[in-house]
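Chains G and H, in that order, give the protein sequences. Just so we're aligned, residue 1 is where the first sequence starts under the working numbering, counting upward by one. Just so we're aligned, residue 1 is where the second sequence starts under the working numbering, counting upward by one.
Simulated from the structure, these hints should not be mistaken for laboratory data. Since this is a predicted model, take the numbers as computed values, not measurements. C-beta: ideal position from N, C-alpha, C; glycine also. There could be a bad hint or two in this list.
Stated by the list, open to error - To give a feel for the contact side, a few chain G residues facing chain H, derived at Cβ under 7 Å:
(1) P6
(2) I8
(3) I10
(4) L15
(5) A21
(6) T23
(7) Y25
Listed below are the residues making up each chain.
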Amino acid sequence: MRRSLPFIIIALVALLTVGIATTVYRVKVRPAPVTAVAATPTPADEKEDPSLHVRGPREAPVTLEIYGDFQCPSCAVTSQAIDDLQKQYAGKLRIVFHEFPLAMHNHAVDAARAAEAAGLQGHFWEMHDMLYQYQPIWSKATNPAYFFGAYANSLGLDVERFRADLQSPEVQTRVISDADAGAARGVKNTPTLYINGREVKTLFTFEKLQALIEEALAAKKNS
Amino acid sequence: MVFYWILAFIALLGLADATFLTVAHLTGDDAVCGSRIGCSTVLGSVYATIHGIPTAAFGAVAYFTVFSLAILFVSGYTRVRRFLIVVVASMFIASLYFLYLQAFVLHAFCPFCLLSAALTFLLAGILLAIPVAR
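Excised from the complex, chain G in its bound form (with noise of 0.2 Å):
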């Protein structure tokens, strides 16, 4: 007994150690407390809804989907990498960005309401480049509602239309369906990428992005 002591010892550390990671792990990564069910669109249909975050042609060969969370830190360094990705490919490359706001993020989903409620008076991308660029200042805020009202200001928006539509059950609505959809594709974390509906594996540098990106252009030209 005395000479297995040791040995038990480590195991129980091993296991506890795992355990723990993988609860831990497993609480974190839950997307946000979701209530309606949504129809899941398939990849195919999703390239109709005239009601996707699209930036780019909708006859560019390659397109770049991001499932993302405004609040997550490696959201907002994709997204840099994207966008410059977006300036050298340009007429190429069509970006379409997918709420996904975790659980863990306490502002995530007043934020992905405040992407909303700016894209329902046609500004969803400023209000997007806003969110990832003032990240550290309003994730810290105890009431983010005041910065996003900025922000709203700042961009040229009705304000007073942007504060209603934040609580709307139609903006609600949206990010629930965006992130239920993730869902049930298998979205996990943030951000996901998807090019040409496969998931992006690699790191999302802007190297690594790029090289997936020439390997479906020339999918394309060969197909």
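Please arrange chain H on chain G, whose structure you already have, making use of the hints.
Relative to the frame of chain G, chain H by itself:
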């Protein structure tokens, strides 16, 4: 003997720290970073993974190995000492490299990564301080 208990305890702290960083990396959690944007630069950098595996996971394995070896040593398996030295020496070098990356390549520091480096230096220091003739 008491030195090895201390080693085991520090390794346990390191294991907790590295596990925390691993989970934080996998979930994209930024609570680790507080308000410092530089910290996300570290955890979001290309150096945060090695072939897709979070760098912190390797740290967790290393700390677990040190813990296991120290426990074995105090249980009478004194021959594990040489492995302990090899593992801690590798961790020491890795920590130096990560400090270099943070200071000179990324120009950003992540507090929990610094804690890990400090714990490794502590492990190395204690291991050096232990009288060899035992």
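Status of each hint after checking the structure:
no.: 1; hint: P6; result: holds (4 Å)
no.: 2; hint: I8; result: violated (10 Å)
no.: 3; hint: I10; result: holds (5 Å)
no.: 4; hint: L15; result: violated (11 Å)
no.: 5; hint: A21; result: holds (5 Å)
no.: 6; hint: T23; result: violated (10 Å)
no.: 7; hint: Y25; result: holds (5 Å)
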